[in-house]
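Peer 1: The primary structure of each chain is shown beneath.
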Amino acid sequence: MISTENIAEMTKKLEKLKEKIREESIDWWWLDQGDAALINITKIEYDKKEVKYVKMPKVSIKTAITILLNNLKNVYNISKGKRIQIMSIINEELNELLKLVENIREAHKIVEELEYLDKMINSIDRTEEEKAELKKIIKGSINWIKEIFYIKPFEWGKRKETFKNVTKKLNKTIIE
Amino acid sequence: MSMCLRKTLEAFIRHKRSTINEWILELKRQALINLDTTTANMLTELENQVGTLMPLKTRYSPNEYITALRSHALILSYLSELLETAKNILPPDMIREVMLRMISLVKGGLSLDFGGMAIQCKNLLQGLQELGNQIFAEGTRKYLVTIIESCGFEELSKEGEFLLRESIASLIQSIEKPYITIEEICMKMGIKEKQTKKIIKKLSNLYPEILLRNDIVSTRQKIELWIENVIKEKISEDEVHKLKELFPEQLETAYITSAKKLTKMFNNLLEGE
Numbered sequence: 035m036i037s038t039e040n041i042a043e044m045t046k047k048l049e050k051l052k053e054k055i056r057e058e059s060i061d062w063w064w065l066d067q068g069d070a071a072l073i074n075i076t077k078i079e080y081d082k083k084e085v086k087y088v089k090m091p092k093v094s095i096k097t098a099i100t101i102l103l104n105n106l107k108n109v110y111n112i113s114k115g116k117r118i119q120i121m122s123i124i125n126e127e128l129n130e131l132l133k134l135v136e137n138i139r140e141a142h143k144i145v146e147e148l149e150y151l152d153k154m155i156n157s158i159d160r161t162e163e164e165k166a167e168l169k170k171i172i173k174g175s176i177n178w179i180k181e182i183f184y185i186k187p188f189e190w191g192k193r194k195e196t197f198k199n200v201t202k203k204l205n206k207t208i209i210e
Numbered sequence: 081m082s083m084c085l086r087k088t089l090e091a092f093i094r095h096k097r098s099t100i101n102e103w104i105l106e107l108k109r110q111a112l113i114n115l116d117t118t119t120a121n122m123l124t125e126l127e128n129q130v131g132t133l134m135p136l137k138t139r140y141s142p143n144e145y146i147t148a149l150r151s152h153a154l155i156l157s158y159l160s161e162l163l164e165t166a167k168n169i170l171p172p173d174m175i176r177e178v179m180l181r182m183i184s185l186v187k188g189g190l191s192l193d194f195g196g197m198a199i200q201c202k203n204l205l206q207g208l209q210e211l212g213n214q215i216f217a218e219g220t221r222k223y224l225v226t227i228i229e230s231c232g233f234e235e236l237s238k239e240g241e242f243l244l245r246e247s248i249a250s251l252i253q254s255i256e257k258p259y260i261t262i263e264e265i266c267m268k269m270g271i272k273e274k275q276t277k278k279i280i281k282k283l284s285n286l287y288p289e290i291l292l293r294n295d296i297v298s299t300r301q302k303i304e305l306w307i308e309n310v311i312k313e314k315i316s317e318d319e320v321h322k323l324k325e326l327f328p329e330q331l332e333t334a335y336i337t338s339a340k341k342l343t344k345m346f347n348n349l350l351e352g353e
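Protein chains in written order, with this note's numbering: chain A, 35 to 210; chain B, 81 to 353.
One thing to keep in mind: the hints can contain errors.
[As the list claims (entries may be wrong)] Have a look at the derived ranges for each label pair, beta carbon to beta carbon:
| hint | chain 1 | residue 1 | chain 2 | residue 2 | range |
| --- | --- | --- | --- | --- | --- |
| 1 | A | Lys107 | B | Lys257 | 32 to 38 Å |
| 2 | B | Lys87 | A | Ser113 | 53 to 59 Å |
| 3 | B | Glu319 | A | Glu146 | 40 to 46 Å |
None of these hints come from the bench; they were simulated from the model.
From a predicted model like this one, the values you see are computed outputs, not experimental measurements.
By construction, the Cβ of each residue, glycine as well, lies at the ideal position given by its N, Cα and C atoms.
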């Protein structure tokens, strides 16, 4: 059963998560420090007569958690019959957020590695043309990663191997 | 002590002993064809051990005798299941070793500790991994069904009731849907429908984790695991509507549990665990 304690516990945990995301996302420069609008979330509006489910346009992860928190706070005021549906939506969207952050963290590691390789290019023994070509590949890869997250962030799973391979090859060419 | 129970258990023991001995003979025949006298001799020893698996009435008080009968019957149910399932899969010496260890449980003083013996058997069989679990489940089922069908659910001991609850819970756990119907339980357990309904009703009173609405049975754990899957895999939600009608409170709890788990996973992810 949903109790005030349960809701309070969940709210507290989500607020902590929001704070952690805020801290971590400062490094996600390629996603506007976590302000990029990446995920659709449902805003649950409640007045005494009815519950409205408003599918929001894409919002940032931080905003998504704030909406989830508000949805959760509303759960306790809503009649029993409708709570299950709301809890189901909260669960699904929480799961999507988790997957999204997992994807971003994986992608961020690759972006960081690409950035590092970009800096290393200047010190390698190659012609200017070759260096420019390598820089172009790196920039293109980062832009492509960015584009995936802005358009279909959940497709990262299918695409990540490509970027891992590109990074591996660049690493071999530039460092080794 | 019910006469029905005593007679049923004695008949069960006699029947299982003779079935086991037939299988041992078959293995022995095979060993002799292969001129493997060592295995043949070991199997003869096993045959003799199985022959002694009947409690002596004179050694026990009437109540103790029934407990000893229950223990012997359960052990024989596992032994017979072990031979039937594993005789063509596992090497004879491995089967023999597990059998002897189970026999020694009932002979080594555990015959009056039915619950303890069942747990020890489960542990022993788990050494055979999935095959062992299958043997334990089927051996338990056959033992329980024999008592229930012949004398009624009331003749099960407290530990027997617990085993029955475990059997039903693992049956529910093994299916894809979040619940099972009484009819499906009847078919899988081999107990008549009327009897099954009565049993489930009693069990759900005794053990609140077993949930019964109309003819639908589930457990809190099953609903929670199933909901987690629905959320992660986005599988069909048709069953959710049924659960909402039948077990709304448990469904709410399952969603809360799942949300807590997701938040914990989220937290672990951010903390790099």
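Peer 1: For each hint given before, does the structure comply? Return the numbers of the non-compliant ones in rising order.
Peer 2: Nothing - there is no hint that the structure violates, so all of them hold.
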